[in-house]
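Peer 1: Each chain is listed here by its residues.
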Amino acid sequence: MSQIYEVEDPSDPYEPFKGWIDIEVRDGEGRVVQKGRHKMHSFNNNFLAVLLTMLSSIGNNNKTTGSVTGDSGSSATIYGEFWYYSGYSNTGGTPIALNASAGTDSFGILVGSGTGAFSLTQYSLASKISNGTSAGQMSYGVTSITDLGVNTSVSPPVYQIQIVRAFTNQTSSTITINEVGLEAKNYWKSDAGTVANVTFLIARDVLSTSYSVPPNGSATVAITIGVTVG
Amino acid sequence: MKIKGWIIVELDGKEVYRGESRSFVQNIGKILSLMFQSSASGSTGTSATITNTSGYSASIYGEYYGSGTPDGFAPMAVNAPAGTDSYGIVVGSGSTPQTYSDYKLASQIYNGTGAGQLSYGTHTTSSSYGSTSSYITISRTFTNQSGSAIVVREVGMIARQTAVSNGSGDVKYLIARDVLANPVTVNNLGTLTVTYTLTLSTS
Numbered sequence: 001m002s003q004i005y006e007v008e009d010p011s012d013p014y015e016p017f018k019g020w021i022d023i024e025v026r027d028g029e030g031r032v033v034q035k036g037r038h039k040m041h042s043f044n045n046n047f048l049a050v051l052l053t054m055l056s057s058i059g060n061n062n063k064t065t066g067s068v069t070g071d072s073g074s075s076a077t078i079y080g081e082f083w084y085y086s087g088y089s090n091t092g093g094t095p096i097a098l099n100a101s102a103g104t105d106s107f108g109i110l111v112g113s114g115t116g117a118f119s120l121t122q123y124s125l126a127s128k129i130s131n132g133t134s135a136g137q138m139s140y141g142v143t144s145i146t147d148l149g150v151n152t153s154v155s156p157p158v159y160q161i162q163i164v165r166a167f168t169n170q171t172s173s174t175i176t177i178n179e180v181g182l183e184a185k186n187y188w189k190s191d192a193g194t195v196a197n198v199t200f201l202i203a204r205d206v207l208s209t210s211y212s213v214p215p216n217g218s219a220t221v222a223i224t225i226g227v228t229v230g
Numbered sequence: 001m002k003i004k005g006w007i008i009v010e011l012d013g014k015e016v017y018r019g020e021s022r023s024f025v026q027n028i029g030k031i032l033s034l035m036f037q038s039s040a041s042g043s044t045g046t047s048a049t050i051t052n053t054s055g056y057s058a059s060i061y062g063e064y065y066g067s068g069t070p071d072g073f074a075p076m077a078v079n080a081p082a083g084t085d086s087y088g089i090v091v092g093s094g095s096t097p098q099t100y101s102d103y104k105l106a107s108q109i110y111n112g113t114g115a116g117q118l119s120y121g122t123h124t125t126s127s128s129y130g131s132t133s134s135y136i137t138i139s140r141t142f143t144n145q146s147g148s149a150i151v152v153r154e155v156g157m158i159a160r161q162t163a164v165s166n167g168s169g170d171v172k173y174l175i176a177r178d179v180l181a182n183p184v185t186v187n188n189l190g191t192l193t194v195t196y197t198l199t200l201s202t203s
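So the sequences go chain by chain: A and B.
Numbering-wise (the working numbering), the first sequence opens with residue 1 and increments by one.
Numbering-wise (the working numbering), the second sequence opens with residue 1 and increments by one.
Do not take every clue at face value.
Capping the alpha-carbon separation at 30 Å, the derived lysine-lysine pairs in BS3-like fashion look like this [unchecked claim]:
| id | chain 1 | residue 1 | chain 2 | residue 2 |
| --- | --- | --- | --- | --- |
| 1 | A | Lys128 | A | Lys189 |
| 2 | B | Lys14 | A | Lys128 |
| 3 | A | Lys39 | B | Lys14 |
| 4 | A | Lys128 | A | Lys35 |
| 5 | A | Lys63 | B | Lys14 |
| 6 | B | Lys2 | A | Lys35 |
| 7 | B | Lys2 | B | Lys14 |
| 8 | A | Lys128 | A | Lys39 |
| 9 | A | Lys189 | A | Lys63 |
| 10 | B | Lys4 | A | Lys39 |
Hints are computed from structural coordinates only; laboratory data are not their basis.
Quick caveat: nothing in here was measured; it's all calculated off a predicted structure.
All chains should be modelled from the sequences, with the hints used to inform the complete structure.
Peer 2: Here is the structure:
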C-alpha cells in the first residue's frame, strides 16, 4: 500500500483538493481477499472551517479562534494560532493533526458500518466501528502518514500526502466496512493548561462496495490526498 | 462533492474579473502534510524545508511548542495588517506562468504611495456553511495613491509561520499564485479588491 498513486480525474480535471481511498482486506492467513479504490467525495464544512481559522490568523496574536462541529455534535472552539507573551512557556499546538496512535479511535482514519448519504454538515460517521476486540469492534492500528511530494507525471501536478491505517478483526465474527472518515484533532496548550482539545470530522465517504473483514483478518485503508499545485 | 477555488477582482467596487483559481504551489502541500503528520501529543513535531519568499531555505513545522517569552505557534497565517506586504494577499505586475515551485510573485507591487506602489489594506473573511453548498473567502483591498495608473497581472497568497521561542522564529512562504487571464488597471486613487474563495458543493 505504499506505491505512489496518480490522483487524476479526467471527468473533472481541476480540483484544488482531491483524494482516493484504497482498501485491501486480508484473511487470517495474510491472503488478499478483497481490494478496491474509491474516489473521495467527502470533504465537509469542518474542513473549510479549519482552513479559514488558520488563514485568519495574524501570526503574532494571542489567539485566533474558529468554530467547528465536534464529533459529539456540539459546536467547538478551535484555534489557528496561540501565543503567550509572558508568564507561561511550552505554548503552541497543532490545528489539524491526523497521526493517531494505535488503539485511538477518536482521530485519524476511522471506519464504520453506516451507509447514510454524505452531507456537508456531517460531524461523525453514521455508525463508527469502535476500537476493541469485542463484538462489532476492530483493533485500530497506528496511523502512518507519508509525504509523497509533487507528482509531476500527471497534469496539472499534484502534491500527494498518503495516510494509511490498518484495522484488525480480533472478534469471532465477520465485520463489514461501509464508510471511511478522516477525523482531525485541534490541540493547543501551554504550561497554564490545555486551551483546545477538539476532535472533528473533516471527510466522510460511503463506499460503493462493502468490505467484509473475516475473523483474524484485517483491512488496510490508504487515503491519498492530492493538492493540485499547477 | 465538488471543491473549487475562485479569484474575484473588483475595481472601485465593481467586479472586473472572476476566474477559477489554479494557484496552489507546493509549499501548501508541505505545510498540510506536516500538520497531518502531527500527533497532537504536546511535543514539537518534525520539520520540513521550504523556500521562503526571499529564496532561502527555511524550516516549518506542523506542530510546535515554544519556550521562553514570548512563545507560541501560528502555522499558516495570512491575515496581515494594513501596510504589511510581506504576507497576506499580495499583487504584482509579472506575467510569468505559474509553476508549482514558485516561492514569490514574479514582480510584486509593494506597499506604499510611491511610483508603482499600492497601499495594502486589511483583510476581511467571510463564510457560509450549508448542507449542500458552502464557502469561505478571504479578501484584501489595495489603493492606488501613486499618482499614476498601475497594472496588476498576478495575485498571490503568502503565509506566515511563527514558531516562536524567546520571540524568534518567523517564516514567510508563498502558498498560492495566479496570473490573471486579463490584466487589471488600477487608476490613480482607484481601489482594487482581491478575493480568494473556496467552495464546496454536493452537486
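Peer 1: Each hint should be assessed against the structure and marked as holding or not.
Peer 2: Each hint, compared with the structure:
no.	hint	verdict
1	A:Lys128 / A:Lys189	29 Å, holds
2	B:Lys14 / A:Lys128	48 Å, violated
3	A:Lys39 / B:Lys14	39 Å, violated
4	A:Lys128 / A:Lys35	21 Å, holds
5	A:Lys63 / B:Lys14	34 Å, violated
6	B:Lys2 / A:Lys35	25 Å, holds
7	B:Lys2 / B:Lys14	28 Å, holds
8	A:Lys128 / A:Lys39	20 Å, holds
9	A:Lys189 / A:Lys63	11 Å, holds
10	B:Lys4 / A:Lys39	16 Å, holds
Checked against the numbered hints given earlier, the structure breaks hints 2, 3 and 5 and satisfies all the rest.
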